[in-house]
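Heads up: the protein sequence lines correspond to chains A and B, in order. Mapping the first sequence onto this note's numbering, position 98 (from 1) lands on 98, and the numbers just tick up by one. Add 478 to the 1-based position in the second sequence for this note's numbering, that's all there is to it.
Honestly, the hints are just simulated from the structure, not real lab data. Bear in mind that the values here come from a model prediction, so they are computed numbers and not experimental data. Virtual Cβ for every residue (Gly too), placed ideally from N, Cα, C. Careful, some of the hints might be misleading.
[What the hints assert, rightly or not] Only pairs whose alpha carbons sit at most 27 Å apart, straight line, appear in this in silico BS3-like list of lysine-lysine:
#, chain 1, residue 1, chain 2, residue 2
1, A, Lys219, A, Lys193
2, A, Lys415, A, Lys339
3, B, Lys531, A, Lys470
4, A, Lys358, A, Lys114
5, A, Lys174, B, Lys531
6, A, Lys470, B, Lys495
7, A, Lys260, B, Lys548
8, A, Lys64, A, Lys88
9, A, Lys260, B, Lys721
10, B, Lys495, A, Lys477
11, A, Lys174, A, Lys463
12, A, Lys339, A, Lys222
13, A, Lys470, B, Lys721
14, B, Lys495, A, Lys114
15, B, Lys531, A, Lys358
16, A, Lys141, A, Lys456
17, A, Lys285, A, Lys339
18, A, Lys141, B, Lys721
19, B, Lys531, A, Lys141
20, A, Lys463, B, Lys776
21, A, Lys454, A, Lys88
22, A, Lys176, A, Lys358
23, A, Lys395, A, Lys176
24, A, Lys456, A, Lys260
25, A, Lys415, A, Lys250
26, A, Lys261, B, Lys531
27, B, Lys587, A, Lys114
28, A, Lys454, B, Lys721
29, A, Lys100, A, Lys360
[What the hints assert, rightly or not] Here are the simulated distance ranges between beta carbons:
#, chain 1, residue 1, chain 2, residue 2, range
30, A, Asn237, B, Val631, 32 to 38 Å
31, B, Ile768, A, Gly142, 32 to 38 Å
32, B, Asn643, A, Met91, 55 to 61 Å
[Claimed, not checked] To spell it out: a stretch of chain A is covered by chain B in this simulated footprint if at least three of its residues, at any positions, have a beta carbon under 8 Å from a beta carbon of chain B; those stretches are:
#, segment
33, 256 to 267
34, 435 to 441
In case you want the letters, here they are:
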Amino acid sequence: MAIKRLSRKQFLMLAGSGVTAAALAACAQPTPAPAPAAPAKAEPTKAPAAAEPTKAPAAAPAAKAPITVDFLAWGDNTDIPAWEKLSKLYMERNPNVTIKVTSIADPGNNFYPKLQTMIAGGTPPHLSSFQGWEWQTYADKGLLVPVDDWISRDKLTGPYSEGIAGLDVSTRRKGKRYLIPLQMATMVMFYAKKPFQEAGIPFPTDDWTFEQFLDIAKKLTKTDGPNKMFGLQANGNWFRDIGWIVGTGKREFDNIVDPKKAQFNQPEIVEIVQLVANDVYNTLKIAPTPADQSGGANTIQTGNCAMKYEGAWFFTQLNSPQLREQKKEVEFDVVLMPKYKDPNRPHRGWSEGLAVPKSKPDTQEAAWAFAAFMAGEEGDKIYSETTGRIPNDPKLVESFWIPRIKELYGVSNGKAFLEAFKRGQIDVVSAVPRSKMWSEVVKPVGWDPMIAGKAKASEVLPKVDEALQKLLDEANKG
Amino acid sequence: MSVNATLSKTRLPSRLKLREWAAGYLFAAPFIVGFLAFTAFPMLYSIWLSFNKWDLLSPPRFVGLQNFVKMIADPRANLSLYNSAYYTVFAVPIQLLISFSLALALTQKLRFRDVYRAGFYLPIIVPLVASAVVWQRVFHYEYGILNEVLGWVGIPPQKWLFDVNLAKPAFIFMSFWMIGRQMVIFIAGLGNIPQSLYEAASIDGAGAFRRMWHITIPMMTPLIFYNMVIAIINSFQTFIPAKIMTDGGPENATLFVVLNIWQQGFQFFNMGYASALAWELFVIIVGFTIAQFYLSNKWVYYEA
Numbered sequence: 001m002a003i004k005r006l007s008r009k010q011f012l013m014l015a016g017s018g019v020t021a022a023a024l025a026a027c028a029q030p031t032p033a034p035a036p037a038a039p040a041k042a043e044p045t046k047a048p049a050a051a052e053p054t055k056a057p058a059a060a061p062a063a064k065a066p067i068t069v070d071f072l073a074w075g076d077n078t079d080i081p082a083w084e085k086l087s088k089l090y091m092e093r094n095p096n097v098t099i100k101v102t103s104i105a106d107p108g109n110n111f112y113p114k115l116q117t118m119i120a121g122g123t124p125p126h127l128s129s130f131q132g133w134e135w136q137t138y139a140d141k142g143l144l145v146p147v148d149d150w151i152s153r154d155k156l157t158g159p160y161s162e163g164i165a166g167l168d169v170s171t172r173r174k175g176k177r178y179l180i181p182l183q184m185a186t187m188v189m190f191y192a193k194k195p196f197q198e199a200g201i202p203f204p205t206d207d208w209t210f211e212q213f214l215d216i217a218k219k220l221t222k223t224d225g226p227n228k229m230f231g232l233q234a235n236g237n238w239f240r241d242i243g244w245i246v247g248t249g250k251r252e253f254d255n256i257v258d259p260k261k262a263q264f265n266q267p268e269i270v271e272i273v274q275l276v277a278n279d280v281y282n283t284l285k286i287a288p289t290p291a292d293q294s295g296g297a298n299t300i301q302t303g304n305c306a307m308k309y310e311g312a313w314f315f316t317q318l319n320s321p322q323l324r325e326q327k328k329e330v331e332f333d334v335v336l337m338p339k340y341k342d343p344n345r346p347h348r349g350w351s352e353g354l355a356v357p358k359s360k361p362d363t364q365e366a367a368w369a370f371a372a373f374m375a376g377e378e379g380d381k382i383y384s385e386t387t388g389r390i391p392n393d394p395k396l397v398e399s400f401w402i403p404r405i406k407e408l409y410g411v412s413n414g415k416a417f418l419e420a421f422k423r424g425q426i427d428v429v430s431a432v433p434r435s436k437m438w439s440e441v442v443k444p445v446g447w448d449p450m451i452a453g454k455a456k457a458s459e460v461l462p463k464v465d466e467a468l469q470k471l472l473d474e475a476n477k478g
Numbered sequence: 479m480s481v482n483a484t485l486s487k488t489r490l491p492s493r494l495k496l497r498e499w500a501a502g503y504l505f506a507a508p509f510i511v512g513f514l515a516f517t518a519f520p521m522l523y524s525i526w527l528s529f530n531k532w533d534l535l536s537p538p539r540f541v542g543l544q545n546f547v548k549m550i551a552d553p554r555a556n557l558s559l560y561n562s563a564y565y566t567v568f569a570v571p572i573q574l575l576i577s578f579s580l581a582l583a584l585t586q587k588l589r590f591r592d593v594y595r596a597g598f599y600l601p602i603i604v605p606l607v608a609s610a611v612v613w614q615r616v617f618h619y620e621y622g623i624l625n626e627v628l629g630w631v632g633i634p635p636q637k638w639l640f641d642v643n644l645a646k647p648a649f650i651f652m653s654f655w656m657i658g659r660q661m662v663i664f665i666a667g668l669g670n671i672p673q674s675l676y677e678a679a680s681i682d683g684a685g686a687f688r689r690m691w692h693i694t695i696p697m698m699t700p701l702i703f704y705n706m707v708i709a710i711i712n713s714f715q716t717f718i719p720a721k722i723m724t725d726g727g728p729e730n731a732t733l734f735v736v737l738n739i740w741q742q743g744f745q746f747f748n749m750g751y752a753s754a755l756a757w758e759l760f761v762i763i764v765g766f767t768i769a770q771f772y773l774s775n776k777w778v779y780y781e782a
């Protein structure tokens, strides 16, 4: 039989059609994950709240048909290996489940834009990381599934200790739980041991006062030689400086959840902000300016600062088995924030973890099962050990984490974290995202001129209040 | 008029012609589909969005002209326009001057001329992100090479990216690194000026300066014009260096228009407002370009 050969023109036409079809196909929405076959248990399509309990959190979803869980994960360098370990282990135990992890690099900038774009595109993930103050907007818009019934069904009570305000506020909204905590988050004062030893100053203890802190920072500062040493590596932004603000006993808003009024301009807040966002750089000169620090210079990691307000995620940057092997470690320990005006010594404290966006009931169920595995004792130990972060259960913190961080990172005073978390207050939860408050108002109007030494807190904080009030009024108006 | 004549005027194209048209469109289809899907549709959609309020989470809500009214009164938007205009006004003329001067130098008979040409073009092919990181180091207060060099002539170190008064000049200075493309276009143009014009001018006693002023520059005006239009458009669209090096700071001194649009859209999730701002920028750029074309009649010489 004679074979008809394509002319060059016909070939190009066909190729053009093919490319066009491929382009169009690429533009189409991805095919949703295949629906699972009929589950073994009755009433498979019930709303999650009414779904029947499975035997254990780590168990696979009721149906054994193949199912894919898309997990949008917070992608800090320390987190990525944990997601890999956890998803691998879970898939080994649940062969019908595929966990597709998408880790977002530079998550502070990129995570929520990616999540919101996915939601807007009609392809939300089945499981998503969330910070304790960010998920509320999503819940208010009906995009997240409450997890109360799953919690009681699967008896996942470890991460939800009663009586810790920061935990409650960052996991529950309007009576319903949404956040599945993977870690208790709080921040304390880190100090490098060497500068203290060299200056003959005793290490600080948890009962130190603000005056002692300032005195030590001044004594440790020595910037006239070739090797500069600053007493404090100030954080230079509002979020971190909340750690100082809470110590006054006052807050920047009338309510920390759904605020109606901005009130930075209170004498106590003005005083502390003037000190930590202006004086430490410009008059006391105990902290390197942002210009000094650009390009990673003059930090506690480089051995040029003695103290820094940080969280457990920072351990690996100072001292770890790998750093010790390379002889690049900075020996350090931690201490509670110094006593300031509030005798209860509040710290910042919140939970971070996961939430289940709305999807098909069986996918929601599968996403919950994986989340419950990660938040359960075994999973959270893996998460905590891999990332250095604080586990989600105070009992685990005492029995597992505190000894472990001593061994891995040389932290002797790990209990300071637990103590700080118990006294924890969450940052603001508002319809105006915290990032918007910062970028649009607090940074350019308040912190930038203060850090540059061009304005005092008493001059800029009334302006911050005024501009924030406009944002709040607009948002509260809807 | 006869019926036949009318029919012949409105006669459908032949089958052969139609097949040729179809083939032509089919060949162009990948581009047409790409253009419609990735350029035309997003542009039209953003027009629609600019009349809506949309946070990506709830459905868009029609708000009429609210975004445009807000835009006019928004000090942040106006500041970003000012910053971009400032950058453009200073950066573009100096870029043109430097690139033209370099092109003149590199059309002379020099040893290693091609190496110099390649060297000056090289920054263009370096990713902007990498450039931004390198320039952060250059501007570093304590260890930066710029402050080091200034120190040789007794100028104290400056906080380039952290001083409201110096941040924009620092970005303008950085932009001079990226003049390779303009330089190459100028070099090509200089090579096309007929040698006979210079010879005639020399015979008439014209010196180097007169030849430059009366021959080279007039003959190059179309390319100067082209480079200027492109440079102005690019300057108004500056984004990556500002995002990486300062994120708009200090005190919004480097909050350029596109950075503000990005922040409104992807940081504050005001997609409707960001769309309105994007269209404002579009109108400004188109307006500038039309004005330049209009003014070009007065100074650009097109050889007949």
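Checked hints:
1. Lys219(A) - Lys193(A): Holds: Lys219(A) and Lys193(A) sit about 14 Å apart, inside 27 Å.
2. Lys415(A) - Lys339(A): With Cα atoms ~17 Å apart, Lys415(A) and Lys339(A) stay inside 27 Å; holds.
3. Lys531(B) - Lys470(A): Holds: Lys531(B) and Lys470(A) sit about 17 Å apart, inside 27 Å.
4. Lys358(A) - Lys114(A): Distance of about 17 Å is within 27 Å: holds.
5. Lys174(A) - Lys531(B): holds, 26 Å
6. Lys470(A) - Lys495(B): violated, 64 Å
7. Lys260(A) - Lys548(B): holds, 22 Å
8. Lys64(A) - Lys88(A): Roughly 18 Å separates the two Cα atoms, so the pair holds.
9. Lys260(A) - Lys721(B): Outside the cut-off at roughly 32 Å; violated.
10. Lys495(B) - Lys477(A): violated, 62 Å
11. Lys174(A) - Lys463(A): This hinted pair is violated, its Cα atoms lying about 32 Å apart.
12. Lys339(A) - Lys222(A): Cα-Cα ~25 Å, so holds.
13. Lys470(A) - Lys721(B): Answer holds: Lys470(A) to Lys721(B) is near 26 Å, not above 27 Å.
14. Lys495(B) - Lys114(A): With Cα atoms ~48 Å apart, Lys495(B) and Lys114(A) exceed 27 Å; violated.
15. Lys531(B) - Lys358(A): Given that 27 Å is the threshold and the Cα spacing comes to 23 Å, the pair holds.
16. Lys141(A) - Lys456(A): Given pair Lys141(A), Lys456(A) is violated - Cα atoms ~40 Å apart, limit 27 Å.
17. Lys285(A) - Lys339(A): Since the Cα atoms of Lys285(A) and Lys339(A) sit roughly 22 Å apart, the hinted pair holds (cutoff 27 Å).
18. Lys141(A) - Lys721(B): violated, 30 Å
19. Lys531(B) - Lys141(A): Cα-Cα ~15 Å, so holds.
20. Lys463(A) - Lys776(B): Cα-Cα ~49 Å, so violated.
21. Lys454(A) - Lys88(A): violated, 53 Å
22. Lys176(A) - Lys358(A): This hinted pair holds, its Cα atoms lying about 15 Å apart.
23. Lys395(A) - Lys176(A): Measuring from Cα to Cα gives roughly 24 Å; hence the hint holds.
24. Lys456(A) - Lys260(A): Distance of about 25 Å is within 27 Å: holds.
25. Lys415(A) - Lys250(A): Holds. Lys415(A) to Lys250(A) sits at ~25 Å (cutoff 27 Å).
26. Lys261(A) - Lys531(B): Judged against 27 Å, a Cα distance of about 24 Å means the pair holds.
27. Lys587(B) - Lys114(A): At roughly 54 Å apart (the allowed maximum being 27 Å), Lys114(A) and Lys587(B) break the hint.
28. Lys454(A) - Lys721(B): holds, 24 Å
29. Lys100(A) - Lys360(A): holds, 17 Å
30. Asn237(A) - Val631(B): 32 to 38 Å: holds, 36 Å
31. Ile768(B) - Gly142(A): 32 to 38 Å: violated, 47 Å
32. Asn643(B) - Met91(A): 55 to 61 Å: holds, 57 Å
33. 256 to 267: violated (count 0)
34. 435 to 441: With 4 residues closer than 8 Å to chain B, the segment 435 to 441 of chain A meets the three-residue bar; holds.
In summary, the numbered hints that this structure violates are 6, 9, 10, 11, 14, 16, 18, 20, 21, 27, 31, 33.
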